[in-house]
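S.K.: Sequence:
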Amino acid sequence: MTSYKNNIYDSINIFKALDLISDKDIKPEDYISALTRKNITKPVIFVGTGTCGLGAGAGKTLAKINQYINSKKIDADVIEVGCIGLCAEEPIVEVQIPGMQRVAFGHITEDKVDELLSNVFNNHIPEDLALFQHISESNKKWENIPTINNHPFFAPQTRWVLQNCGIIDPCSIKEYIANRGYIAYTNVLTGKTREEVCDIIDESGLRGRGGGGFPTGKKWKFALNTPSDKKYFICNADEGDPGAFMDRAVIEGDPHRLIEGLAIASYAIGATKAYIYIRAEYPLAIERLNTAITQAKEAGLLGSNILGSGINLDIVIKKGAGAFVCGEETALIHSIEGKRGMPRPRPPFPATSGLFGKPTIINNVETLANVPSIILNGSNWFKTLGTETSKGTKVFALSGKIRYTGLVEVAMGTPLDSIIFDIGGGIPDNRKFKAVQIGGPSGGCIPEQHLKTKIDYESLRSIGAIMGSGGLVVMDETTCMVDVAKFFMEF
Numbered sequence: 008m009t010s011y012k013n014n015i016y017d018s019i020n021i022f023k024a025l026d027l028i029s030d031k032d033i034k035p036e037d038y039i040s041a042l043t044r045k046n047i048t049k050p051v052i053f054v055g056t057g058t059c060g061l062g063a064g065a066g067k068t069l070a071k072i073n074q075y076i077n078s079k080k081i082d083a084d085v086i087e088v089g090c091i092g093l094c095a096e097e098p099i100v101e102v103q104i105p106g107m108q109r110v111a112f113g114h115i116t117e118d119k120v121d122e123l124l125s126n127v128f129n130n131h132i133p134e135d136l137a138l139f140q141h142i143s144e145s146n147k148k149w150e151n152i153p154t155i156n157n158h159p160f161f162a163p164q165t166r167w168v169l170q171n172c173g174i175i176d177p178c179s180i181k182e183y184i185a186n187r188g189y190i191a192y193t194n195v196l197t198g199k200t201r202e203e204v205c206d207i208i209d210e211s212g213l214r215g216r217g218g219g220g221f222p223t224g225k226k227w228k229f230a231l232n233t234p235s236d237k238k239y240f241i242c243n244a245d246e247g248d249p250g251a252f253m254d255r256a257v258i259e260g261d262p263h264r265l266i267e268g269l270a271i272a273s274y275a276i277g278a279t280k281a282y283i284y285i286r287a288e289y290p291l292a293i294e295r296l297n298t299a300i301t302q303a304k305e306a307g308l309l310g311s312n313i314l315g316s317g318i319n320l321d322i323v324i325k326k327g328a329g330a331f332v333c334g335e336e337t338a339l340i341h342s343i344e345g346k347r348g349m350p351r352p353r354p355p356f357p358a359t360s361g362l363f364g365k366p367t368i369i370n371n372v373e374t375l376a377n378v379p380s381i382i383l384n385g386s387n388w389f390k391t392l393g394t395e396t397s398k399g400t401k402v403f404a405l406s407g408k409i410r411y412t413g414l415v416e417v418a419m420g421t422p423l424d425s426i427i428f429d430i431g432g433g434i435p436d437n438r439k440f441k442a443v444q445i446g447g448p449s450g451g452c453i454p455e456q457h458l459k460t461k462i463d464y465e466s467l468r469s470i471g472a473i474m475g476s477g478g479l480v481v482m483d484e485t486t487c488m489v490d491v492a493k494f495f496m497e498f
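Residue numbers for the sequence shown follow the working numbering, beginning at 8 and rising by one.
Treat the hints loosely; a few may be bogus.
Heads up, simulated PhoX-like pairs for lysine-lysine below, C-alpha to C-alpha not over 20 Å straight-line [claimed, not checked]:
#  : residue 1 : residue 2
1  : Lys365    : Lys325
2  : Lys225    : Lys365
3  : Lys199    : Lys45
4  : Lys304    : Lys23
5  : Lys280    : Lys326
6  : Lys119    : Lys71
7  : Lys325    : Lys304
8  : Lys304    : Lys280
9  : Lys80     : Lys49
10 : Lys23     : Lys34
11 : Lys199    : Lys225
12 : Lys147    : Lys49
13 : Lys147    : Lys199
14 : Lys79     : Lys34
15 : Lys71     : Lys45
Note that these hints are calculated values from the structure, not bench results.
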């Protein structure tokens with residue numbers, strides 16, 4: 008591995024530094040273009056195999072696709088991707104043929120595979136199955152197929168955290184790097200002090216996306232400025248709120264983004280060991296995380312003396328037993344230490360005395376997934392979206408009595424009714440909206456008169472609710488609020 012100390016990294020330099028291009032005759036820019044699907048020479052079929060897709064039958068669809076191309080002797084790549092967010096249309100299959108835009112198709116169960124592929128491979132798009140087409144300057148548009156930016160589910164969204172989910176192969180570090188992955192991390196290691204990284208995050212206005220919304224940069228500085236021979240960073244991926252599946256989907260669809268964010272955060276506070284605390288009920292997310300960590304180690308982005316910087320970092324996955332209380336940070340720390348997962352009084356706060364009595368910072372998946380983009384684009388870029396006190400975007404899991412269930416990402420300050428009716432498509436079967444539950448068991452139910460409330464920490468708090476991790480459970484006129492209250496009390 009070449010040391011690029013004090014160099015400014017881009018995707019090409021990272022591929023060179025990590026010696027990731029096995030074919031020495033190919034130009035790096037052509038290699039990256041192929042990985043980003045800007046120029047392909049044979050058909051590529053993408054199958055959404057996140058947990059939601061598999062639950063809808065994507066495994067059988069994938070098997071049928073492989074059977075089809077093998078029986079027809081078609082030279083095509085079949086790639087498994089994570090969830091693109093539109094869970095209501097699963098199983099989702101996307102197809103790209105050379106020279107044309109990539110097109111997404113919904114509800115592609117195994118019995119529809121032959122019809123779909125026969126049509127697309129003959130340059131015909133079955134419009135009754137098509138959802139949208141992606142946008143790439145190097146490829147030609149299909150007629151009569153809306154672009155993803157015009158689809159009602161995606162049009163109001165701003166996808167920063169979710170930008171790669173459902174798009175790239177989550178098990179390919181090369182695809183992640185080709186899509187500007189690990190640029191922020193490598194430039195931090197070779198060109199920024201820990202204090203500078205903390206300052207960038209602090210100035211961006213990023214607040215914790217797991218509940219209380221504490222300023223992330225300030226939290227990091229507490230640990231950075233606490234003298235210690237050992238420091239730890241923990242990613243809390245133990246989302247336990249009913250109706251919340253944001254962390255799972257991000258990890259399944261873009262695990263390297265989490266690894267990069269966690270690596271930058273660990274460097275910022277001086278931690279040489281980091282943990283990802285994730286519930287054991289997420290086997291696919293754990294599998295893809297393990298793959299990503301292994302790939303990062305093999306590439307020299309984790310381990311000892313990373314990129315010749317003298318920086319060391321190990322990332323360990325710790326499986327939780329599913330106890331809801333372990334989402335609380337001191338209980339989570341006890342669980343990692345092998346103790347009973349019970350909260351303890353504070354102070355001392357984990358930033359000064361946490362895991363094994365050492366300074367420890369805990370952030371959730373979404374918080375850390377924002378970090379690479381902030382480092383890459385700058386704190387002012389992050390502040391272009393959001394409100395005065397709540398910057399950037401927020402990811403929500405939209406479920407319940409709603410037309411388009413799924414994963415959405417919107418700018419902070421977006422009105423609640425825009426998420427439910429514009430993105431979610433409103434209540435099916437002409438029923439009336441009753442309430443939306445937000446923030447899990449610690450949150451609250453927001454009735455119709457507060458639907459214009461903007462999604463930010465202070466606005467939600469003013470009506471007696473909290474942001475929480477981001478679960479939104481929509482209820483219609485058939486929902487019994489007494490039953491809802493009983494459910495959360497029993498939970």
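S.K.: Provide an ascending list of the numbers of those earlier hints which the structure does not satisfy.
M.R.: Going through the list in order, the structure violates hints 3, 13, 14, 15 and respects the others.
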